[in-house]
Each structure stands twice: as structure tokens, then as C-alpha cells.
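One letter stands for each residue in the lines below.
Number of protein chains: 2
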Amino acid sequence: MHSGSNDAIFDQYRSLIYKAIDSGDFTAIETLFNHNLSTVDLAHLLESTPSKTRILLWSFISEDNQGDVLTHLNDDIQQALLGKMSAEEIVETIQNIESDDLADMLQHISPDVSDRVLQLLPIQERAQVEGLLAYPEDTAGGLMNTDLIMVRADVNVETVLRYLRKLSLPESLDRVWVTDRNLNYQGSLAITQLLTNRPDELVSNIMSSDIKGIDAYADEEEVAQVFERHDLVSAPVINAEGILIGRITIDDVVDVIRENADHNMLSMAGLDEEGDIFAPVVKSSRERAVWLGINMATAFIAAAVMSRFETSIAQIVALAVLSPVVASMGGIAGSQTLTLIIRGMATGHITRGNLRWMLLRELGVGLLNGGLWALVIGAITVGWYHSVSLALVIAAAILVNICLAVLSGTLLPFVLKSANIDPALSGSVILTTLTDVFGFLTFLGLATAFLL
Amino acid sequence: MHSGSNDAIFDQYRSLIYKAIDSGDFTAIETLFNHNLSTVDLAHLLESTPSKTRILLWSFISEDNQGDVLTHLNDDIQQALLGKMSAEEIVETIQNIESDDLADMLQHISPDVSDRVLQLLPIQERAQVEGLLAYPEDTAGGLMNTDLIMVRADVNVETVLRYLRKLSLPESLDRVWVTDRNLNYQGSLAITQLLTNRPDELVSNIMSSDIKGIDAYADEEEVAQVFERHDLVSAPVINAEGILIGRITIDDVVDVIRENADHNMLSMAGLDEEGDIFAPVVKSSRERAVWLGINMATAFIAAAVMSRFETSIAQIVALAVLSPVVASMGGIAGSQTLTLIIRGMATGHITRGNLRWMLLRELGVGLLNGGLWALVIGAITVGWYHSVSLALVIAAAILVNICLAVLSGTLLPFVLKSANIDPALSGSVILTTLTDVFGFLTFLGLATAFLL
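For the record, the sequence lines run as chains A and B. Just so we're aligned, residue 1 is where the first sequence starts under full-length UniProt numbering, counting upward by one. Just so we're aligned, residue 1 is where the second sequence starts under full-length UniProt numbering, counting upward by one.
Treat the hints as calculated values from the structure; they're not laboratory data. One or more of the hints may lead you astray.
Computed from the model, here is a short list of chain B residues facing chain A with C-beta under 8 Å [said to hold, decoys possible]:
1) GLU92
2) ASN264
3) LEU451
Below 25 Å or equal to it, Euclidean Cα-Cα: the simulated DMTMM-like pairs (lysine to aspartate or glutamate) are [claimed, not checked]:
4) B:LYS283 <-> B:GLU241
5) A:LYS417 <-> B:ASP200
6) B:LYS212 <-> A:GLU130
7) A:LYS84 <-> A:GLU98
8) A:LYS212 <-> B:ASP231
9) A:LYS166 <-> B:GLU201
10) B:LYS212 <-> A:ASP231
11) B:LYS166 <-> A:GLU171
12) A:LYS166 <-> A:GLU98
13) A:LYS166 <-> B:GLU241
14) B:LYS212 <-> B:GLU201
15) B:LYS417 <-> B:GLU137
16) A:LYS212 <-> B:ASP41
17) A:LYS166 <-> A:ASP154
18) B:LYS212 <-> A:ASP251
19) A:LYS166 <-> A:ASP147
20) B:LYS52 <-> B:GLU63
21) B:LYS212 <-> A:GLU171
22) B:LYS19 <-> B:GLU30
23) B:LYS52 <-> B:ASP75
24) A:LYS212 <-> A:GLU137
25) B:LYS417 <-> A:GLU47
26) A:LYS417 <-> A:GLU137
27) B:LYS212 <-> A:ASP11
28) B:LYS417 <-> A:ASP25
29) A:LYS166 <-> A:GLU125
30) A:LYS52 <-> A:ASP25
31) A:LYS212 <-> B:GLU171
For each label pair, taking beta carbons as the anchor points, the in silico distance ranges come out as [stated by the list, open to error]:
32) B:ILE243 <-> A:PRO170: 24 to 32 Å
33) B:ARG162 <-> A:ASP272: 17 to 25 Å
34) B:GLN124 <-> A:ARG162: 37 to 45 Å
35) B:ALA153 <-> A:LYS19: 54 to 62 Å
36) A:LYS52 <-> B:HIS230: 57 to 65 Å
37) A:ASN96 <-> B:LEU16: 49 to 57 Å
38) A:ILE21 <-> B:ARG162: 53 to 61 Å
39) A:ASN205 <-> B:GLU89: 51 to 59 Å
40) A:ASP138 <-> B:SER387: 45 to 53 Å
Note that CB positions come from ideal geometry on N, CA and C, so glycine has one too.
Next up, chain A with everything else stripped away, as it sits in the complex (with noise of 0.2 Å):
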């Protein structure tokens, strides 16, 4: 949770601009965004105002400061803005931008635009974003950053602080990178190695190799999981030849993680992690409708099913009662593996490998538990109805529905992933439907064999 505090300063700062707006007296907004808060700051409050209000506050934004902004925003906010401005009013905007935020940015925007802009760039910064525009946004190449130093194994320590000292560092850099004269990657030499030894020391004595030079096609989360596994602050990115083409620092990965586990939570709902949460009413309901839509068919083929055993409901009522709690536990079990899987799968901790043994674990999970609340379903039904056949009928359909359920929650999310579907974002809709219709199939259908 974000710290109370903050939402408390932010709430004020958020009062202050509506006062102004509302009395059209801008002063105190042009003092607030150009003395109190950072770029960062800004950005935030841009995303914490709703859509109308926004286009009017970016306006107040200094255009120093308008380049960084656009960088903490989300892209769908970025790409609205930029939407509305010419490319030589981006360009203008951009100045200050590093080369991979840039490429990201451009990959947002229109492409006649983006064009413009990539022609009307400084020559050798265009080179640099047109080589990043060539990867993938969620490769490693898409994350990387171009601006490397690279020095020889062969060379001693004084040589490199004589050469660092003419650049302007970064002051996270945490390593610089070794390579040979056709700049193939072989190591790197921590900034800390610098410090601690004889200027007479070679490169080539106090480099490290631990760190393997990550694949520029690599997914975005295998850089991600092997800068967590490494507690790496920043990493080589290399070509199919191992010549060293950029790196990526920890602040990318970090977005990285946070967006797919957004992704992860957000997709389960059916929506869209880089969505706008001020976005306008029409807007945000259309990116809802789809997602209502499908479920909407999905509780129709359950309500199909269902309409099949309409002269049994007709007869027991208690089927109608009854049948929800039945789908609804199944739907629960179900979910509960299908989330494990889910993520142990994004883990790497469940495999192929080890499917088998984590269907039988499911399966045994399955029992025990559909076994307890069959038990104590049943036993609630009879006090209520007082019916013992319709109490063995609900029980039975509570222990087979629950089976089933964990049964689908550990085969699904492997079939949708050989499909290439992402388990996240329909793993949950499919379950429901698969345990619906196996609710209602099951409790009604022995409902009719034993009970009419």
C-alpha cells in the first residue's frame, strides 16, 4: 500500500488544483508544478487526474520538464498526449530523453509520425533509436540502453580512470564492460574493482565473467528473473555474433516485473495493465464491454445446460436452489489450482517435468476437499430440506465438481500456453464455464437418474 502520508499530500495538492480551476485563477497551479514537485511527482498527478483535467494541467508543465514527465507516464496516457502534439513540437519535447525511452515512445505514436520525428532527430541519435525500434518492446534489445563503456582486458587501471574521467557517468553505474577489439563481450569490471586496486593492475586480472551476456532476443521476463537471481544492478545485452550492443540497468527490470504482475492481476478481470484508470466513461466502458460480452456467453452455455433439466427443476425446486452452490464450489477449487499453476509456471517451479506428479497432488487435493464439503454440504441440505436422496445427490455432485475443477485448473493453463493463449487472461473465463457446466451437468443430472 502506498504510504498514508503521501496520498495525503497528494490529496492536497489535488484540492489546490481544482480551487484554481475552478475559480480560473492558474497562479497557484504554475507555482505548485514549477517549484514543489519533481518530474516524477508530476507524472503521478497526471495519472491520478481525470482525462479533461489532464490536458489542461500539462499545459502548466514547463517544456523542460514535459520530456521526463512523458517518460513516467503510462503509455496509454503518453500516447495521448503525444497524439495531440505535431512531431516538430516532439522533437522539441524529447530533448533530454534517453535513446530507449525514446524508441519505446515512438513505438506508441503513429507511424507517419514517429517517421517524422526519427527524421527530424540529430543523425547519430536517430541511428541509435532506429537500432533499438529494430527489437521487440519485451526483448532485451526493447530494454536496453545504448550508451555503454566498454573497455579492453588488456589495458591497466590507471588507463580506464583516465578514460572515465573524460566522460560524464552516470552515477549508478556499477560496472563497466570488457570486450575485445571487435567488441565481442568477455566480462566486466566492477566500479568498486577501480577503487580498490593498484593502477598498474590489468583489467584482465580483476574483470569478472560471472556475469553472461543476456541474448537480445531474450524475453523481457528472463531478463527479469536472471537479474533476480543474480541481484544484478545492470547486465550486458549482446547479439546472435556476442558483439555487445547495450545494457540494461535494474530501474528497467523493475517496471518490468511491476507491469507483468499488473498484467497477471489485471488480465484475471479482463483488463488491460497499461489502461488508464481516468480514462473517459465511453471509453473505458468499451474496454469493459468485450470482457462482459464473453462472459455473458459463457453464462449462457451454463444457462443452457441448465434449461435441459427444466421439467426436473420444475419439479424439485430445491434443483434451482442448489444448483449455484454446487457450480460455485467447483468454480473456487478450480481457481485455486489454476492461480498455483499460473504462477508456477511464470516461476519456473511446474513443468512438464513435474505435471504428472502435480495432477496427482491436485487430484489427491481434489478428494480431501471435495470429500469434507460434500460431507458438510450434505449435511446442511438435509437439514434444510430435509431430504437424505437429495442430500447424497449434492454431496456426490460437490465431490465430483470439485475433482473436475482442480483436475481443468492443472491441464489448462498447459494447454492454453502450447496454444499460444496467455493462461492469465482466459485461463480464469474458461474454468468457469468448464465448472459451471460440470456443476450443473453433474448435480442435475443425477438428480434425474435417482431422484424423480
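With chain A's structure known, arrange chain B on it following the hints.
Chain B in isolation, oriented as in the chain A frame:
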């Protein structure tokens, strides 16, 4: 997603291990463990192994490596392994572990054993660990490490370099801390500044005071946000008096981000993020049974509401078939809103200050989407049951239920947070109960009033 190739390698290791266990010839495991795998890999392998096999595999890890492997294991598994060791064995194992990792570990074992471990530690380390144990695990104090490199503002670069050469510096060190005579935090000095400035330059001229000291009791999520907003690699922790007491590094922050993201995802299915996915069947069943029980209770609440209308259902069986559709549309619409609000609160974008705007926006979305799907579902109902009045009733119920759902989804997280209940854990079950009850009440209520 974890890289396919990496998964494949681990699958090979696993089949090698299972073969070795089956044949009773453990030399292959010993070779693998002592030569091919890093401690990070060993931890990963243990985490993806059923609990029985895990204890066998643990015994093949050399004593020198066991401590390091332990730090990379998740809490549940760490605890299980430590639980089988005496205090003396634990002390033997943890010799090379950093004090912050050790403090975390001791918080998870029985107080008797952890007291005994503390007594067996060298006096200085014991004091350090006890100092860390004073802070809750999920605060800045619980995350920090106490190995600090501190310099004074009135010395020059040469003095600092001379001092640093005497220490063994961690490779990832990006900055040292500047304090006054009383250890009050004053600012930080980037290592790169030491490389590029003249030996006689004073620290006071090149230090930065941009990074503010983090309060030792600050929540870990707040710490993560500070790191993300300012792209930090390390940050100072201060006590109430402003005295520098520790530093937090980005690798620990990455763990916090990952764990909290997992928590959000898993708790929505009533699961524990530190849980062991390879726990035995009985343990897993017990953990998940609670959530199934809670959901059973809510399903019966909804069933009780439905049973009030049994006479209506007996007359029009279509009501039984269509009721779940009405309930589920509300459930989906509500959970979309709930997910957005929970995430917006976590990122600080949504606060009480813009709750009113948010409510109006969501009501707008509810009216639009409710209206749209009321029309669609109404039309389907006419086609299916050839009854315009039934279609009108279900359309009205859909519209009302979706609007109530989005309003509940917006307000619920605020209500739960005020009551100090984690909205990610209990929000969705409460919301689904509400939307089921609203759905049955509006649909069956309207049907009873107008169709009978």
C-alpha cells in the same frame, strides 16, 4: 514467463535426479549438486520438488552451500528445513549469511531455537541481528542491512579512497553515506564521483542530498515506491532521531515487489504467497479448505435469497435458468471495478480525494455497459423464451445489478481498508456475495411483482 530453454534444462536435471533416486545410485546427484548448479539453481530445484524428495536432496548439498541455498528458499520451505535442525546445526549452516537474511530466518523458527541460535552467535553479530529483529519484517528496518560505509562531509576524496581501500567492498556498492560526528544522516556520495573528482576535493562539495533518509518504520511498499520513483540502487535508513542505522539495496526491494504482486494475485484465490506449491496433499488441502468454506457460506447466503422465491420459480422455471446469468454479469462488472480500485489504491492514484469522481465515473460505466448488456440479454431472452415481459424483467435486473456492482466495487476497498482488512484478500468474495444477492433479489423480485 520463464524461458523455455531454462525450463528444459531444469526438466533434464529433474529426470536425472529421479532416475538416481529410483536406482539408489546417488553419485549423479552429488556431481550435479557440487559442480553444475549454483546455490540459486539449487534453491530453485528444491522449491520445485515434492516435499519428501526435497529432504533427501537437501542432504546432498554441501554444508558450505546450505546457508546460501537457505536464503534463496521461500519462507515455508526454509522453515521446514530449519525445523529439523538443532540450534547448533543451524549456527553451523548460517555462518556466511548476511545479518538481514539471518534476522528474517530467525523470525520464522520457534522462539526457543532462535534464542538458542542467538546465544551461539559471535557477540557482535548477535547484537546486529538483535537490532534488526526489533523491526517488523515488512518495514524499512526489517529490510535493511547494517553493514554501512560512512564518511564525513569535511574530508576529501583522497581520504575516502584511502579508507575504502582498507575495506572489502561489495561489488554492487553504488554510494557511501555521509554523516556528521553523531552519525546523523546528511547525504550520499556516489562511487563514480570518487573516480572523476580530484583527490583534494571535499566530500561536502560533491555529495548529493537528493536521497532522503527512509524512516525505519516505513512500510516496505512505501520503500519500494521510493526506489521506483527515484530509480535508486541503494537508500539509507534512519531512526526517529535522524541517525543512519542501515541501508536497503535494490535486490531486496525487487523481492518485495515480487512478493507483494504474488500476494495480490494469490490472495484473490485465498492462497498464501509464501506457501509451498509442492507441499503434501493434506497440508495443501487444509490451507485451501478455509477459503472453500467461506465461499460455501456465501453461496448458501445467495441460495437462501433464491429460496425465498421458490413459488415463483415453480411457476416459471425459466427464472431458475436465467438467475445465474443475472448474478454472474454483476459479478464480472463488479470485479473489474474492484480490481481497478485495489490497484489504483496500491499505486496511490486513487485516494479519498478523488473517490467521488471515481464513483461518478464508475456509475457512468455501469449505466452504459448495464444498458448495453440489458438490451442484448433481453433480446436473447425474447428469442429463447418468446416472452417480452420476461425479457423486460431480466433487462431491468441486469441494468440494476451491474450499476450496484460497480458502485460496490468502488466503495468496498475503501470500507475494508478503513476496517484494516486487506481488500485483495476478502474483497472479491464479499463482492460476489453482494452481486449474487442483488442479482437474485432484483431479478426474482421483479419477476414475482410483474410476471405472476
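Verification of the supplied hints:
Among the interface hints, the one on GLU92 (chain B) is violated; its C-beta lies about 25 Å from the nearest C-beta in chain A, farther than the 8 Å criterion. Taking 8 Å as the C-beta cut-off, the interface hint given for ASN264 (chain B) holds, the closest approach to chain A being about 5 Å. The interface hint given for LEU451 (chain B) is broken, as the beta carbon of that residue sits about 16 Å from the closest beta carbon of chain A, more than 8 Å. The straight-line distance between the Cα atoms of LYS283 (chain B) and GLU241 (chain B) is roughly 46 Å, outside the 25 Å bound, and the hint therefore fails.
Of the supplied pair hints, the one linking LYS417 (chain A) and ASP200 (chain B) is violated, its CA atoms being roughly 61 Å apart against a limit of 25 Å. Between LYS212 (chain B) and GLU130 (chain A) the CA atoms are separated by roughly 38 Å; this puts the pair beyond 25 Å, and the hint is violated. Restraint check: the Cα-Cα separation between LYS84 (chain A) and GLU98 (chain A) comes to about 22 Å, which is no more than 25 Å; the hinted pair holds. Distance restraint check for LYS212 (chain A) and ASP231 (chain B): the Cα-Cα separation of roughly 24 Å lies within the 25 Å cut-off, and the hinted pair is therefore satisfied.
For the proposed pair LYS166 (chain A) and GLU201 (chain B), the alpha carbon gap of about 17 Å is at most 25 Å, so the pair holds. Using a Cα cut-off of 25 Å, the hinted pair LYS212 (chain B) and ASP231 (chain A) holds, with the two alpha carbons roughly 24 Å apart. Restraint check for LYS166 (chain B) and GLU171 (chain A): satisfied, since their Cα atoms lie roughly 23 Å apart, inside the 25 Å limit. Straight-line distance between C-alpha atoms of LYS166 (chain A) and GLU98 (chain A) comes to about 20 Å, which keeps the hinted pair within the 25 Å bound.
Only pairs whose Cα atoms come within 25 Å are accepted, and LYS166 (chain A) paired with GLU241 (chain B) is rejected, the gap being roughly 41 Å. With a C-alpha separation of about 23 Å, the suggested pair LYS212 (chain B) and GLU201 (chain B) falls inside the 25 Å cut-off, and the hint holds. At roughly 21 Å between alpha-carbon atoms, LYS417 (chain B) and GLU137 (chain B) fall within 25 Å of each other, so this suggested pair holds. For the hint pairing LYS212 (chain A) with ASP41 (chain B), the CA-to-CA distance comes to about 15 Å; that is within 25 Å, so the pair holds.
In summary, the hint linking LYS166 (chain A) to ASP154 (chain A) is supported, as the alpha carbons are separated by about 20 Å, within the 25 Å threshold. Annotation: proposed proximity of LYS212 (chain B) to ASP251 (chain A) holds, straight-line Cα distance about 18 Å (limit 25 Å). In summary, the hint linking LYS166 (chain A) to ASP147 (chain A) is supported, as the alpha carbons are separated by about 15 Å, within the 25 Å threshold. Distance hint between LYS52 (chain B) and GLU63 (chain B) is fulfilled; the C-alpha atoms sit about 20 Å from each other, no more than 25 Å.
Distance hint between LYS212 (chain B) and GLU171 (chain A) is fulfilled; the C-alpha atoms sit about 16 Å from each other, no more than 25 Å. For the hint linking LYS19 (chain B) to GLU30 (chain B), the alpha-carbon distance of about 13 Å falls within 25 Å, and the restraint holds. Taking the CA atoms of LYS52 (chain B) and ASP75 (chain B), the gap is about 17 Å. The hint holds against a cut of 25 Å. Between LYS212 (chain A) and GLU137 (chain A) the CA atoms are separated by roughly 21 Å; this keeps the pair inside 25 Å, and the hint holds.
Restraint check for LYS417 (chain B) and GLU47 (chain A): the C-alpha separation of about 22 Å stays at or below 25 Å, so the hint holds. Among the hinted pairs, LYS417 (chain A) with GLU137 (chain A) is consistent with the structure: their alpha-carbon atoms are about 21 Å apart, no more than 25 Å. Of the supplied pair hints, the one linking LYS212 (chain B) and ASP11 (chain A) holds, its CA atoms being roughly 22 Å apart against a limit of 25 Å. Pair hint LYS417 (chain B) plus ASP25 (chain A) does not hold up; C-alpha atoms about 36 Å apart against a cutoff of 25 Å.
For the suggested pair LYS166 (chain A) and GLU125 (chain A), the alpha carbons sit about 21 Å apart, so the restraint of at most 25 Å is met. At most 25 Å may separate the alpha-carbon atoms for a hinted pair to count; LYS52 (chain A) and ASP25 (chain A) meet this at roughly 18 Å. About 16 Å separates the Cα atoms of LYS212 (chain A) and GLU171 (chain B), which keeps this hinted pair within 25 Å; it holds. Taken as a hint, the range 24 to 32 Å holds for the pair ILE243 (chain B) and PRO170 (chain A), whose Cβ atoms sit roughly 30 Å apart.
Taking 17 to 25 Å as the suggested C-beta distance range, the pair ARG162 (chain B) and ASP272 (chain A) does not conform, at roughly 55 Å. Checking the proposed 37 to 45 Å range against GLN124 (chain B) and ARG162 (chain A) shows it holds: the Cβ atoms sit about 41 Å from each other. Between ALA153 (chain B) and LYS19 (chain A) the C-beta distance comes to about 42 Å, which lies outside the given range of 54 to 62 Å. Remark: the range hint 57 to 65 Å for LYS52 (chain A) to HIS230 (chain B) is contradicted by a beta-carbon distance near 30 Å.
Look at ASN96 (chain A) against LEU16 (chain B): about 53 Å separates their beta carbons, and that is inside 49 to 57 Å. Separation of ILE21 (chain A) from ARG162 (chain B) is about 57 Å and conforms to the stated range, judged on CB atoms against 53 to 61 Å. A beta carbon spacing of about 39 Å between ASN205 (chain A) and GLU89 (chain B) contradicts the range 51 to 59 Å that was offered as a hint. Against the hinted window of 45 to 53 Å, the Cβ-Cβ separation of ASP138 (chain A) and SER387 (chain B) comes to about 50 Å, which satisfies the hint.
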